[in-house]
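Residue numbers (the working numbering): 4 to 412.
Incorrect hints may appear among the rest.
Unchecked claim - Once the Cα atoms are required to be at most 30 Å apart in a straight line, the calculated DSS-like pairs of lysine-lysine come out as:
hint	residue 1	residue 2
1	Lys279	Lys262
2	Lys272	Lys260
3	Lys79	Lys347
4	Lys45	Lys279
5	Lys79	Lys262
Don't read these hints as lab results, they were simulated from the structure.
Please read all numbers here as calculations on a predicted model, not as lab measurements.
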Amino acid sequence: MLNGLWLGFFIVAAVSALAQWLIGGNAGIFAAMVESIFAMAKLSVEVMVLLFGTLTLWLGFLRIAEKAGIVDWLAKALGPLFLRLMPEVPAGHPAIGLITLNFAANGLGLDNAATPIGLKAMRALQDLNPSPTIASNAQILFLVLNASSLTLLPVTIFMYRAQQGAPDPTLVFLPILLATSCSTLVGLLSVAFMQRLRLWDPVVLAYLIPGALVLGGFMALLATLSATALAGLSSILGNLTLFGLIMLFLVVGALRKVKVYEAFIEGAKEGFDVAKSLLPYLVAMLCAVGVLRASGALDFGLDGIRHLVQWAGLDTRFVDALPTAMVKPFSGSAARAMLIETMKTSGVDSFPALVAATIQGSTETTFYVLAVYFGAVGIQRARHAVGCALLAELAGVLGAIGVCYWFFG
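The task is simple: from the sequences and hints, build the whole structure.
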């Protein structure tokens with residue numbers, strides 16, 4: 004699947020560039036595409052520099068958590084649930100604790116912490132994988148849920164809106180929470196359908212129903228707070244949780260007689276080795292995305308969607324927010340640039356800007372996640388992971404549009 008998608012990006016870009024040259028007379032399109040290839044190769048190295056430091060840091064702390072028994076405790080607490088959702092993972096396996104930590108970090112918007120933990124979890128699942136190059140059911144479920152972007156505190160979106168002068172940066176908080184819940188639910192249901200998982204199992208419901216009630220209560224509580232209080236809570240809670248995890252690992256490790264410094268160095272070395280293996284995959288994916296953008300194929304697609312929406316007699320205001328949705332599966336930085344551009348051209352609190360912000364906060368860089376997570380363990384055949392992840396992505400986009408019409412339309 005990844006092989007076909009990667010090749011397809013170049014083929015679509017080539018067709019788009021030929022159309023611009025032969026029909027539009029734009030002879031410089033090929034120079035722009037070549038320039039984009041080298042620019043994306045450079046960007047891949049710059050991203051890797053950041054990943055080296057982040058992976059080294061967090062895998063060092065995770066090794067302390069492993070030796071202190073924190074990961075094992077999480078695995079035992081959630082063992083009954085994952086025995087149903089991931090039957091090939093043995094009860095109490097360390098992968099379960101790592102998956103839990105990854106979901107918690109993603110939910111709190113702690114991207115820098117979530118990625119290293121997720122890579123560690125994927126490597127733990129790979130140890131159980133009978134095939135070194137074909138994704139297992141457990142790896143697919145983990146990746147799709149990770150790519151569904153369940154976010155409870157979208158702090159970065161608040162920051163972007165505040166930078167552009169929004170009087171109420173947290174205005175999109177509840178829309179994002181509702182839209183990202185849609186994407187996660189669709190991701191779980193699609194994988195459950197493909198893998199014939201029994202979501203109506205009493206044990207599964209015993210975990211999911213209380214979680215849904217807690218989430219609903221949390222949303223109700225946050226809805227009573229003022230915008231200022233909500234923004235302050237988001238910032239404090241996110242940073243406090245991040246530093247609190249570090250201190251928890253260190254304190255519990257010290258109480259369990261773990262040599263925390265030596266454990267950190269041991270884990271940090273593993274993080275360095277993991278980061279080295281990612282560069283080829285990043286170069287391949289980012290260069291393909293760069294060519295697709297430079298060819299103008301995304302603009303062609305946007306114009307086509309606008310004409311279809313107009314032909315159907317529907318409101319077209321949301322179409323101006325679709326560039327963020329169209330590039331988000333491929334590149335987080337490109338989607339961020341599209342979001343900021345929409346805010347500047349249409350106004351930070353305009354309907355397209357609000358839709359774009361909600362899409363940015365409720366969707367994930369699906370192909371980046373696929374490339375990094377599967378690339379880190381050498382997976383080449385993704386099976387139904389791509390389809391389920393993109394379905395979750397589509398649900399997040401449609402949910403964001405629908406919720407924004409409900410809140411702001």
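Cross-check of the supplied hints:
no. : hint            : in the structure
1   : Lys279 x Lys262 : holds (27 Å)
2   : Lys272 x Lys260 : holds (21 Å)
3   : Lys79 x Lys347  : violated (49 Å)
4   : Lys45 x Lys279  : holds (16 Å)
5   : Lys79 x Lys262  : holds (24 Å)
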